[in-house]
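Protein chains: 2
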Amino acid sequence: MPTIRFLPSGASVDVNKGTELLDAAKRVGVDIEAPCGAKGNCGRCVVRVVEGALKSTDDSILSVEAQNDGYIQACKAVITDEDTTLDIPIPFANHGQFTDSDLDIQRIAADHFPKAWEMHSGICCHKLSIGLPGSEVSLSDHERLETILREHYPTQKIGIPLDVLRSLSTRMREDGGNISVIVHVKSDSVDLLEIQPRHSPDTISGVAIDLGTTSVSIRLTALSGNEGTITKHGYNQQLTCGADIISRINYAKKGSRLKELRKKALDSINSLIREAIDQLKLDSGQVLSAVISGNTTMIHLLLGVPPENIRLAPYTPVSFSFADYTAKELGLNVHPLAPVHISPAVGSYVGGDITAGLLCSDLTCKEDGISAFLDIGTNGELAIGNRDFILACACSAGPAFEGGGLQFGMRAAKGAIESVSVDPETGKASVNVIQDSKARGICGSGIISLLAQLFKTAWLDASGKFNRSRSSEFLEVDGRQARYTIVAGDKHAEGASITVSETEIENVIRAKAAIYSAYRLLMNQVGIDFDMIDRFYIAGGFGRYLDLEESITIGLLPDIKRSAFEFLGNTSLIGSTMLLHSKEFRAKQQELAGSITYIDLSVDPAYMEQYTAALFLPHTDDTLFPSITGDPIA
Amino acid sequence: MPTIRFLPSGASVDVNKGTELLDAAKRVGVDIEAPCGAKGNCGRCVVRVVEGALKSTDDSILSVEAQNDGYIQACKAVITDEDTTLDIPIPFANHGQFTDSDLDIQRIAADHFPKAWEMHSGICCHKLSIGLPGSEVSLSDHERLETILREHYPTQKIGIPLDVLRSLSTRMREDGGNISVIVHVKSDSVDLLEIQPRHSPDTISGVAIDLGTTSVSIRLTALSGNEGTITKHGYNQQLTCGADIISRINYAKKGSRLKELRKKALDSINSLIREAIDQLKLDSGQVLSAVISGNTTMIHLLLGVPPENIRLAPYTPVSFSFADYTAKELGLNVHPLAPVHISPAVGSYVGGDITAGLLCSDLTCKEDGISAFLDIGTNGELAIGNRDFILACACSAGPAFEGGGLQFGMRAAKGAIESVSVDPETGKASVNVIQDSKARGICGSGIISLLAQLFKTAWLDASGKFNRSRSSEFLEVDGRQARYTIVAGDKHAEGASITVSETEIENVIRAKAAIYSAYRLLMNQVGIDFDMIDRFYIAGGFGRYLDLEESITIGLLPDIKRSAFEFLGNTSLIGSTMLLHSKEFRAKQQELAGSITYIDLSVDPAYMEQYTAALFLPHTDDTLFPSITGDPIA
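From first to last, the protein sequence lines are chains L and H. Following the numbering used here, the numbering of the first sequence begins with 17 at its first residue and continues without gaps. Following the numbering used here, the numbering of the second sequence begins with 17 at its first residue and continues without gaps.
None of these hints come from the bench; they were simulated from the model. Don't take every hint at face value.
You can't tell identical chains apart in this list, so a pair holds if it fits in one copy or across any two.
[Stated by the list, open to error] Below, in silico cross-link-like pairs of lysine-lysine (DSSO-like), each with a Cα-Cα straight-line distance of 30 Å or less:
#1 454 - 173
#2 472 - 444
#3 173 - 33
#4 269 - 143
#5 382 - 577
#6 71 - 33
#7 604 - 173
#8 344 - 270
#9 269 - 604
#10 344 - 279
#11 481 - 55
#12 344 - 202
Values in this document were obtained by computation on a predicted structure and should not be read as measured data.
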């Protein structure tokens, strides 16, 4: 009677050959989740055979690669006559690829992450004993290496870049022919990236990059080994060349300015990578893979590809999808041969940040109901749909929600006011500052909170004007202009007050109107009402601090049941991290990008109408916000 | 009754459906060669259907690509019911790819050149009307281009390098969407090289490069269009770092000297390319393909790959075969994306110059008898065999035959003494100078001629010493040293005499001994006698001026029937030119390189014995040179 042992618990049980694995597990109290009722189509019950063998009663939904790695669907597995040890994989999110303090990640259900058997980054390290050349054979170094690699890659074309070829003879002799070979495994070929002495540290890292119009975030993470993960945020240095996409495209038109923008994007990314590498005490050559997600224009600028026609009718970008160029070709300061996956775009204004971001939700896999996915950034992008269809559109919100375009605006970092409450009587604001430090400015969630508070306390009217019939020491009115002091100068170390002007508030209202009207129009066009939305995912760098009620109050988010909302955080960055770890996800994303229908709102005359109607707090049409307007503020 | 018309003559004939094509041709006096007796296996009778159709009675030996281009074997073709126009291809050698003054090419039988249906350089230019983007479709420029290219390449992966992507949007709009797309067609993918306005000149050129230890030659030739062909010769600038392969390998060992040698090789090549491009009034961007052939060490140095282990037991080069790197990666000053084919090597000392050179002979296709192929350069390489087997070996001759290592040595160029006759009485030399100009030095054929003449007139004895018992105003003896004046100073514009010393003559004898003993040992090893050799091909930059009888007299060439010899010229360069024009030849070469058995003479103790025995004029063993020694000189 074979013994079946379950890892990580170590529990074991003796059962008859032919017993179903799920039964065997149950007997010894091991819980293997099989939510599809053991129908074999959810893939949730996958376990890994570490020793021995199981028999599958049916075709597997797993890739051949995963099956070769020992993965098997528990619900289809029966016991053979061999003693067998099984490993029940722990979810990706707990794999150490993400740190505990990483709130964004904790928000995203483990279900959405690549499963253990989908974790093929495409970058593999082979420890080989290749020996020194003997006198009996007259093979070149190249042939000796290829012969051994053929055991792993019998049919693929093996490519040796010139840089690797140049190091071949030295590396293959350094340690008596004991080497580490790092390769990039593609569908039909295998490219050598690096040859090292065998005893060299086996840390292979990758970097996920979210290149936004205003912000840039990177996550450096180990693909093998245990060098940990680190996330870094910064501004896009292109900000000095224009606040939004259209200004950047215009800026790029003249002379060598496209090169300047490209350099600024690269500098923004490379300085964050440098910080992260230094902090983890890595060498840049250990970062052997990269994924970049960004909107269509940002990717054009990063590649040095003219974005001009994105702005001109008929709005034709140069490309939506890109080959894996090398880090050297692109100008990223990681291993020069590191392949860089660029997330494919859907349309001129729905970019790779959305195709990466959608991987963080279950919008694309739900069979019933309809979900919405809203990414709030300098552009707002919305996708709605389910497994059968996905529509997507975008609008230009401007940088207000990322701290741009406001005198005291800043990124959601230390010193940023992230929420505000306003005294109805005195108009005085009390503020919460990130990391409880001294306030240096106000971030997106802070400005939303401020508007909601000022509106609810009637200091601000529905049109976004300060109520000139009331007076407060915090409100300074000068004819048609008014300015509100959030934090008074004397309480502030640097001496200056933190204020917001009526014009700046107008900008924020324009931003929320652009976003609200865009997704409302999209829904109108396809005949979907807000109450048909089961789930409303919210993404964006600032999403984690966003107050739901206040966002609805100002009319940024729709007034639907609160339980429908789910904040996902910076999905462009998290999605990129998933893509870094899983070439199956990269294939999935490519398919996804091809299946989304892009709706260009800019050509729809109804958009301006919708937009104008949304330039009120919360909206000119009260019935759209019953929970806000139906319970009028005193 | 269908009408069959034959081009280029224009003759036409009406024949019944079902008539054999060869019969139809005969009726109208058109001569289609079918030397295999219409068995269908020689491919010599191939014609091209320009209009209409023919039916083939049997499977074709032609590639699918060639058949798609309309090529058909005349001996298997029968007339259909369609009026048909046929083109009888003229041989490659008369195609304008070679100029009439190109003696090297005229030496090589047209049979050895790629046939018309093998003339796929792999670089194709498509003239496309792609139009401007319309508002009805939301395709990117990339997708619009790919959609149209898919008509030509339905299944291949289409690759767009970053440089091309950057030019895409501009190029696709310049001329109302009329463009020329130049692509590199590979076995499983198609890479874009360049997009131009459609009306731009359609000249696509390629460059064939012979990188020798002493000399460098290039041939710039049109792959399409009619921009002519030009050949340029120069020295390898690495000469200042050592005269032969071993000195170069030693030189490369220290610090940044490998980079220095790489730069010198590139400079040598690039300056010749520049001259040729200027002369043909081309732009370097129009040179879209390159082939380089050279010995194993030269290729290592060109790539910046350490050659060190070629010299150290067990003599392991880094690689024998190489991917197609781009011109930019290699450092060639042609179109940066031009693919560069590097001829594969066979062994440490039998390089790509030999695998390219063998394509110029029929050694590899002969079924009966045995042929020999000797390439005389700074290294001497010999291959012997036929369709069933090929053995190859090499020896180090030194640069004497290329004008190196002699005070007055020079390349076979204007001003070089190419042949000499010596007065038996006075010892006075009469010289022939290339282009009848003033003598500036003596080239390889000149030095062979001089030695033979001095030996035949008994001024020089069999050991290479001047006969001190005779006196001549042209011979100056100073103890153990002697110096012979070939051209006296007063007759020479620059004032200096052209002389040769006994020590220099010794170097030449060493060179010929190294070559003779190498091929004799190889033949001994495999039990082949000189009289079993049907054909003895001689290659080398100087081959065209070589006097056969004199070469045998000094013991450089074997004393066999004179009709067996065939001079082929610089086969490394001519072979490279063929490879440039024909990817079928590139495949053929790859196969050839894999099928040659490399014999390393340096490990055979008998080599030194053979070498020492050959240090005589013509040889210590008189019986090997009966026609020279059996008829003793007075």
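Non-conforming hints, listed in increasing numerical order: 1, 3, 9, 11
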